[in-house]
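Residue numbers (my numbering), protein chains in the order written: chain A, 1 to 299; chain B, 1 to 655; chain C, 1 to 151.
Everything labelled a hint here was simulated from the structure, so no lab data went into it. Even glycine gets a Cβ: it sits at the ideal position worked out from N, Cα and C. Check before you lean on any hint, since a few could be wrong.
Covered by chain A, per the in silico footprint, the following chain C stretches (three or more residues, Cβ under 8 Å) [to be verified]: (1) 4-15; (2) 33-43; (3) 47-61; (4) 74-85.
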Amino acid sequence: MNDTLILRIISAVLYILLGGLFSGFLAGLDRKLAARMQGRRGPSVFQPFYDIGKLFSKETLALNHGQFVIAFSFLMLIVATGVLFFAGVDILLVFLALSTAAMFLVFAATSSNSAMSTMGAQREMMQMLAYEPMVLITAVGFYMATGIMNNGVGSFKIMDIGSNDLPAIIYLPGIFLGFLFILTIKFRKSPFDISTSHHAHQELVKGVTTDLSGRNLGMIEVAHWYENTFLLGVVGLFFLCNEWWSIPLAVVAVLVVYFLETFIDNISARVKWELMVKLAWGVTIVCGGLNLLVLEYIF
Amino acid sequence: MPPCGHRKVKNMELFIAILILFPFLAAAVQALVKNNSLRKLTVYISSGAIIIATIIFAVMNFGKEQAFLAPDLPLLGFDLIGTVNYGMLAIEFILMAIIIYLSFKYKKYWVALLSVAQTAFISWLELSGRAHAENAYLFCDNLTLILCLMIAVVGGLICVYAVGYLKDYHHHHGDEVKDRRSFFCSMLFVFLGAMFGIVFSANLIWMYFFWEITSVVSFLLIGYTRTEEAVNNSFRALWMNLLGGVGFAAAIGYAAIDLHIFNLQDLVNCNEDVVVIPLICLALAALTKSAQLPFSRWLMGAMVAPTPSSALLHSATMVKAGIYLLIRMAPAMEGNLVGLTVSLIGGFTFFMASVRAIIHTDGKKVLAYSTISNLGLIVACCGVGIDETIWAAIFLMMFHCVSKSLLFQTVGSVEHTSGSRNIEDMHGLIKRYPSLAVAMMIGIAGMYLAPFGMLISKWSALQAFVDAGNIILVLLLAFGSATTLFYWTKWISKLLAYARPTIRRKDTTSLDQWISIGGHTLIMVTLCLVFPFLSDSLVTPIVNSLYGTTTFKPVLSDENLVILVAMIVVIALVIIAGFILTRLVKTKNTTVYMSGIDTGDERHYVGAFDEERTMYHANWYLSDTIGTDRLMNVSTALAAAGLIIGMVLTIGGVL
Amino acid sequence: MAKITKSPWLLHYDGSSCNGCDIEVLACLTPVYDVERFGIINTGNPKHADIFLVTGGINEKNKAVVKQLYDQMPEPKVVVAVGICACNGGVFKDAYNIIGGVDKAIPVDVYVPGCAARPEAIIDGVVKALGVLDEKQKAFKAAKKQKGENK
Chain A
1 MNDTLILRII
11 SAVLYILLGG
21 LFSGFLAGLD
31 RKLAARMQGR
41 RGPSVFQPFY
51 DIGKLFSKET
61 LALNHGQFVI
71 AFSFLMLIVA
81 TGVLFFAGVD
91 ILLVFLALST
101 AAMFLVFAAT
111 SSNSAMSTMG
121 AQREMMQMLA
131 YEPMVLITAV
141 GFYMATGIMN
151 NGVGSFKIMD
161 IGSNDLPAII
171 YLPGIFLGFL
181 FILTIKFRKS
191 PFDISTSHHA
201 HQELVKGVTT
211 DLSGRNLGMI
221 EVAHWYENTF
231 LLGVVGLFFL
241 CNEWWSIPLA
251 VVAVLVVYFL
261 ETFIDNISAR
271 VKWELMVKLA
281 WGVTIVCGGL
291 NLLVLEYIF
Chain B
1 MPPCGHRKVK
11 NMELFIAILI
21 LFPFLAAAVQ
31 ALVKNNSLRK
41 LTVYISSGAI
51 IIATIIFAVM
61 NFGKEQAFLA
71 PDLPLLGFDL
81 IGTVNYGMLA
91 IEFILMAIII
101 YLSFKYKKYW
111 VALLSVAQTA
121 FISWLELSGR
131 AHAENAYLFC
141 DNLTLILCLM
151 IAVVGGLICV
161 YAVGYLKDYH
171 HHHGDEVKDR
181 RSFFCSMLFV
191 FLGAMFGIVF
201 SANLIWMYFF
211 WEITSVVSFL
221 LIGYTRTEEA
231 VNNSFRALWM
241 NLLGGVGFAA
251 AIGYAAIDLH
261 IFNLQDLVNC
271 NEDVVVIPLI
281 CLALAALTKS
291 AQLPFSRWLM
301 GAMVAPTPSS
311 ALLHSATMVK
321 AGIYLLIRMA
331 PAMEGNLVGL
341 TVSLIGGFTF
351 FMASVRAIIH
361 TDGKKVLAYS
371 TISNLGLIVA
381 CCGVGIDETI
391 WAAIFLMMFH
401 CVSKSLLFQT
411 VGSVEHTSGS
421 RNIEDMHGLI
431 KRYPSLAVAM
441 MIGIAGMYLA
451 PFGMLISKWS
461 ALQAFVDAGN
471 IILVLLLAFG
481 SATTLFYWTK
491 WISKLLAYAR
501 PTIRRKDTTS
511 LDQWISIGGH
521 TLIMVTLCLV
531 FPFLSDSLVT
541 PIVNSLYGTT
551 TFKPVLSDEN
561 LVILVAMIVV
571 IALVIIAGFI
581 LTRLVKTKNT
591 TVYMSGIDTG
601 DERHYVGAFD
611 EERTMYHANW
621 YLSDTIGTDR
631 LMNVSTALAA
641 AGLIIGMVLT
651 IGGVL
Chain C
1 MAKITKSPWL
11 LHYDGSSCNG
21 CDIEVLACLT
31 PVYDVERFGI
41 INTGNPKHAD
51 IFLVTGGINE
61 KNKAVVKQLY
71 DQMPEPKVVV
81 AVGICACNGG
91 VFKDAYNIIG
101 GVDKAIPVDV
111 YVPGCAARPE
121 AIIDGVVKAL
131 GVLDEKQKAF
141 KAAKKQKGEN
151 K
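Turn these sequences into a full structure, and let the hints guide you.
Next up, the structure:
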């Protein structure tokens, strides 16, 4: 019991220390990979870190004090969400904390009273509308899969989900697919990067972050890194069980998923929000809903 | 049987009688008082008395469960109960007469028919002696106490609010609306008395009596302004509620004649198959009262009424009467067709109403749809009928009551101060009226943000639905949560826009309004902070007593509850730290990016012909996609079909 | 300390250019030249940008726009005038509405001549601008430090 508590604290602390670095590094890799896919050399893999360093060293132009408060809250809440996740508490709680944190990005955008940001914020909300059901269903799926493997005693606790006899993915292929689908939205990758993009695609002049600069923008970017690490953690959770081989399996799965997202980003064009919501909800109902029904009535 | 001594029980009965009757007395006083300052004084005194008396009553009887009260209260040596029954019958006839008069006056004859039918039926039952009950008429347990506190505290504060609000209201509307303030305040108190009556009644006929009073009060308040729209809407509310009343009467009749059951507790504990017939009839009554699909339209129409009545009747308390009834019935609905029908209608309403809430710019309409939607969730919880969902339902009810009442009042005050209750016009409210904006944001946060009450309850509802194995409800809840998230987020983001105000106006919200808004805010925050305590000491015992167990454990583990409270603290700290840090870090002020053509005030830009043009950002309302009436009509039709099929199958299945 | 020269983000503004230079600017982003390998990003947003790259001359109507965009860029920042029109008005110099080069509106740090300026020249100019940016960053930091001491 004590061992698990220590383990939980260690992983939470590791997340605080390395969570941002890990995703920052992945982001660099992503840009390198994308460049190679397009026949370019691409920037250094450490480029994201140079960018963040620069943002924090520059002057910060702000429209009001609210911007800083909200951007800061966004960063802190995202980190708190990830800490809760890696500390192994209730996964529903973690997802609910995530949506609360995500709200602050919207507020950061609208508090500026700028046209581009406001438009970006509306689209960001549209994105939340699109992915939110699948997120909740993912949590429910974990619960039910744990229940099946655990003689009917389901659990939302991440510790329990990750220590079953088999990886949850075996029972949750549909939900995994659905989660991958909305992951594209959360990673702000094409075709669903409609509110802001991680590239300089200039959609809405960067949408939600248009009127943030310097330190404020830097905090948002760091928050995205932490968020991505957390999301990849959820991907890993699909593969974790109480066998040693599940850990390398999870790591490989995370990397493959990330590569897949980069690939999708490179081969697809941005869609309109209507299509995004329709697709996301459709996939949620078909993949998520069917998976849940199968779990409930067949197992 | 009374767990405490006989003498004590009598005191309790007397106390209950006072609680029910005092508001009626206060109402009579209000009806007579025509002077404004005297009205203010009397409202403050009456509300204060009701709040204090209820709190004392609640503290005294806290934890004393199932105090059935004997009907033969010998007082002054005559048959008190009999007299009361005849008195109620007489009042029912008076109500009927009022309805008939008004429906002929406004040429809505069919409404009179509904009223005559049920009143005649009930009086036949009573006069023929078929409804002669031998057991408890009054009843009190923790659930009753919670409802009492909600009614007294929220209701009392809203009455105080109403004093300040109506002054502004008539100031704004001038001669368009006839000043009937004493009538309005009087009706609010009548309503409070009736609500006390509903929650304290064990006897179905008594409950029905108070139920009808609330319907009529709601009808009269919706028609307050007497405009054509108000009259039409009030009649719609009336006929729908009367239809529910017919269901109620049918349930009473069937229970009394076929089952010889006269009170709600016996009905719920009855083991016979046919009990589902009165149950589904009562469910019909509850669904109409709680404005579930297909009966949602009356609540939307009710928004023409002055805001205090929207807050009190159409959001915080009256619609909770239906929920209260369903919570009481929940143990009997588990796993049968009644429960299935109710839960599916609730879940469907939750989703559809939250979708509809997206398209409205009118603050009150959004609140109304959100009310319907949240009631739907509670109804779904009741319909599933297992102990976990009831735990969630009670919490949802409490939090919804406080935060929705707070929201209605802030919207009302914003409307009076700024002249509009349109959400688009609330752009930058944080700059213009910071206190109102913050109160409103706390209300909204209470409705949907982690870790505030509604969200916690929603979370436990989700968990309970999974445990109950109801995947359809899980899906409806998942999608409904997303749409809920959408319409609240865009509302808050409107408030938070740091726009430079174009017109500066003074915040004219009166002290009366602030007392109530402040009180609500305080209650809201306190409720969130003492959540784990509430769960252990208040709600868990209720669930135990409803299900006759002692082993119920809340859906959310203690660890989670503690984390949630910790989260509130963390969020508060983060925001405070943010504010402190802004003082320390250096920023330079700038203007918004507007492709370099901003004229300097962030509201205008230079057009192609060098002229100054105004910029305006609106929220998205998706009116092209989901704004059509067809969506509402189809969902109403679907829900109606579902309800009818459910009723037919239920009744047909046991006959 | 983070070096700004490793992550120069760029804002490209087309004054009254004939689009010749603009096409060359965009050509720098193609796989052939791939300026992203220097960490250069074409942001399109003054608030995120470090380098203000202007093509075409300044006229009466875009003078205020260029000024506003420049003001909305956070310090330290540099301006690169690309193409002869941006340098001094080019062939449009005597046109009735043309005021002249970018330096008529805002201070310019690097001039890249050419009609149209070749991608190689543009990249050269930007790299030169990076040197100026580096200097400015040092000055910015020193000023910041001094300000802190004065406090």
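Against the structure, the hints:
1. Chain A is given as covering the region 4-15 of chain C, and this holds because 4 residues of the stretch bring a CB closer than 8 Å to a CB of that chain, at least three being needed.
2. With a threshold of 8 Å between beta carbons, the proposed coverage of the region 33-43 of chain C by chain A holds, since 8 of its residues qualify and at least three are required.
3. With a cut-off of 8 Å between beta carbons, the region 47-61 of chain C has 3 residues touching chain A; three or more are needed, and the interface restraint holds.
4. Counting residues of the region 74-85 of chain C whose beta carbon lies closer than 8 Å to any beta carbon of chain A gives 3, which reaches the threshold of three, so the coverage claim holds.
Every hint, counting from the list given before, is met by this structure.
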